[in-house]
Structure formats: C-alpha cells, structure tokens
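Chains as they are written, first to last, in the numbering used here: chain F, 1 to 190; chain U, 1 to 195.
Rather than coming from a laboratory, the hints here were simulated on the basis of the structure. Predicted, not measured: the structure shown is a model, and the values here were computed from it. The reader is advised that the hints may include incorrect statements.
[Unchecked claim] Simulated pairs of lysine-lysine, DSSO-like, Cα-Cα distance not exceeding 30 Å: (1) Lys106(U) to Lys161(U); (2) Lys106(U) to Lys139(F); (3) Lys129(U) to Lys93(F); (4) Lys129(U) to Lys73(F); (5) Lys139(F) to Lys73(F).
[Stated by the list, open to error] Computed list of chain F residues with no C-beta within reach of chain U, every gap over 12 Å: (6) Gln20; (7) Thr35; (8) Arg53; (9) Leu110; (10) Arg123; (11) Asn140; (12) Ile146.
[Claimed, not checked] Just a sample of chain F residues kept apart from chain U, beta carbon distances all over 12 Å, derived: (13) Ile2; (14) Val15; (15) Ser19; (16) Phe83; (17) Ile115; (18) Ala127; (19) Arg142; (20) Met158; (21) Thr173; (22) Asn174.
Backbone N, C-alpha and C fix where the C-beta goes; we use that ideal spot for every residue, glycine too.
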Amino acid sequence: MINELLLQFARWLEVQEYSQMLLAGYYSYNWLEATHVLTLMVSIGSLFIIDFRMLGLILPNVSATAIADRLHKPMIIGFVIMFITGFLLVYAKPVETIQSLWFRIKMILLLMAFINAWIFNARMRAAEGSWDNDRIAPKNLRIGAIISLVLWCGVVTMGRYIPYDWVDCANTTNTAILWAAGCVDQLNAL
Amino acid sequence: MFSTLLGQYSRSFTVLLVAIVVVLLEVFGVRSAIYPGLLPYFEWIKYSSWIGIIGTTYGSIYATVEAAHLLSMATIGGLVLATDLRLLGVLLRDVPSETVTRGTHKAFSIALTVAILTGIFCAAGVGDKVYYMEVFWIKMLVLLTGACFMYFIKQPLLNSKPHSEINPWLIRLLAVTSILIWFTVAATGRWIGFS
C-alpha cells in the first residue's frame with residue numbers, strides 16, 4: 001500500500017515542470033549534486049570532529065562541550081544545505097530515487113542518525129560540567145559517538161550506491177528486494 | 001646573512017624551487033614529452049594490477065572504497081575548516097589557535113593517507129579513462145601542492161613560534177590559501193565524477 005502511494009507521488013512529481021527542468025539542465029543537476037557532496041566537508045566534517053573529540057582521538061585538551069557548541073552552527077548550516085540539495089536531487093529524479101533500495105536504506109539510517117544525535121545531545125547536556133575537560137567522554141557519550149560515526153558512514157555509503165544499478169527494479173527478480181525497493185510494477189507482473 | 005635567511009626559510013625555498021622546476025619543465029615541453037610514456041602504467045594499473053582487477057570486477061567493492069574516499073575527504077574538509085576558520089578568528093575563538101592547529105594535525109595526516117590510498121584504488125579502476133582527463137591531472141597537482149603547503153610551509157611556520165608573534169596577515173593568508181587549496185582538491189574530485 002505504502003509503495004503504491006509513494007510511486008504515485010513520485011510519478012506526480014516527475015511530471016512537474018521544475019522537476020523536468022532540473023533533470024534536463026545538465027549543469028543544474030550536476031551543480032546540485034556537487035553542492036550536495038561538497039557540503040559533506042562542512043556537515044559531516046564538523047560532526048566527525050565532535051565525535052572524535054568524544055572518543056579522545058582529537059583535541060583531548062580542549063573542552064568537549066566547547067567543541068560541540070562552536071561547531072554546532074557550521075554543522076547545522078552544512079546539513080541544511082545538504083537537505084535542500086538532497087531534496088532537489090530527489091525532485092529531479094523522483095521515480096528512480098524512490099524505487100532505489102539504497103535510497104530507502106539511506107533514509108532509514110538518516111532517521112536513526114537524527115534520533116541518535118537527539119539522544120546524544122540530551123545526554124551531553126545532562127552530563128555537562130563533570131566530564132567536560134576529561135580526555136575521554138563518559139561511556140554513554142562514547143557509545144553515542146561511535147553509533148553516530150557508523151550511521152553517518154552508512155548514510156554516505158548508501159548515497160554512493162544510489163547511482164549503481166545492481167538491484168534496480170529492472171535488474172532483479174528477488175521478491176524481497178522488489179518489495180523493499182518499492183518496485184510496484186515488477187511485483188504486479190510476477 | 002644569506003645563509004641565515006636560507007636556513008630560516010629553507011623549506012619555503014625548497015617549495016619555491018620545486019615550483020620553478022615545474023614551470024621550467026612545462027616551458028621546455030618536458031611534461032608533454034613524458035606524458036605519452038605514462039599511458040602504459042595507467043593501462044597496467046587498470047588491467048593487470050590486483051587493485052585494478054578488483055575495482056573493475058567487483059562494483060560493490062569499488063563503490064564502497066569510493067564512499068571511504070568521500071568520508072576521508074569530508075574529514076579533511078572538517079579539519080581544514082575548523083583549523084583555518086580558527087586562524088581567521090571565525091570559529092573556536094576561545095580555544096588557543098596553537099592548540100587547534102597542533103591538535104588536528106595528526107588526524108589530518110591520517111585522513112589524507114586514507115584519501116590517497118582509496119583515491120589510488122578508485123583511479124586504478126578507471127585508469128585508462130582518468131589518464132586522458134585534464135581535471136585528473138589538475139587534481140593531482142593541487143593535491144601535491146596542498147600536501148607540500150601543509151607539511152613544508154603552513155605547519156612548520158605555525159609550530160615555529162607562538163601565533164601572537166607571527167604577522168596576523170600572514171596567518172590569515174595561510175588560512176585562506178589552505179581553504180582554497182583543499183576546496184579545489186575536493187571540487188576537482190567531483191568534476192572527475194562528472195567527466
């Protein structure tokens with residue numbers, strides 16, 4: 001049911017004038033993609049510094065919350081640009097993207113990463129003061145940092161997989177993959 | 001006096017000398033004479049080396065290494081921005097800039113090593129393609145410039161004395177140059193993907 005709705009929505013997006021314009025303009029799509037990828041350096045780059053500091057791998061003699069606070073703004077700016085460009089990339093190729101298994105896994109990982117960031121932030125605020133200048137953060141924050149690193153590595157890897165067609169709807173007959181990727185037409189044809 | 005000056009700035013003079021040699025090689029056509037001879041190596045790395053064979057045979061491994069390359073570049077970008085924006089007085093202003101430059105250098109070196117190793121693997125998989133790409137050679141040149149700049153100019157200078165004793169405009173110049181160099185490395189990498 002949800003796959004049918006998503007496909008319907010994607011097909012509606014696909015016929016929108018701006019969607020077709022974005023895809024037809026060779027440079028517009030490439031510029032969007034380039035901005036999306038290059039902003040990784042600001043968003044994930046800043047996030048990794050915060051996570052590495054929590055693990056004591058970087059700047060161990062600097063207050064951990066100071067690093068997290070000071071890098072929060074550039075990180076958020078980076079993520080906002082990534083989301084806007086990411087949304088436009090999906091908007092330019094809605095059907096292909098929504099029926100990509102990798103895109104779907106990426107979205108799940110993204111959601112998990114945000115839940116983890118929210119929990120991590122709440123725990124960091126609750127623990128503020130007692131551990132700030134320690135070389136290594138408390139265990140629960142270290143676990144949060146490791147989960148964050150793993151999830152974001154997963155998000156980037158899934159993003160890198162999206163252009164590859166190994167498990168595209170047209171290239172697989174595996175029912176589980178077809179269902180997970182939302183290949184409605186191929187499932188109906190089986 | 002000359003030897004004292006040379007001793008103090010020996011690394012900077014070495015980099016300048018290398019730059020002059022590169023320009024002379026270009027002017028006298030040495031690079032264009034060497035270039036055709038490099039093609040067999042690029043073909044060998046794609047078709048005969050184990051990294052080239054893995055890269056061309058297993059698409060999933062190639063894509064995973066590409067992701068690792070992107071992640072290492074993102075780490076480099078984050079470290080460069082944090083350090084250079086601190087030098088420019090934009091970020092982490094309450095942390096001494098000496099602490100930031102020293103504290104991020106090791107991580108930068110590790111990320112750069114990972115980026116180079118994964119980059120070699122990625123280039124090996126498309127060796128015969130990148131050989132003909134002007135942008136690939138630009139990226140290699142900028143990468144080499146960036147590494148030389150970091151290890152022979154920026155870091156030695158910033159480690160030589162307290163930053164308060166260095167001309168603030170020189171520090172700003174170092175930071176802006178560093179950001180521009182590493183942004184160019186990342187942007188040319190993306191450009192390779194489009195070509």
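Numbers of unmet hints, in rising order: As far as the earlier hints go, 4, 7, 8 and 20 are violated by this structure, in ascending order.
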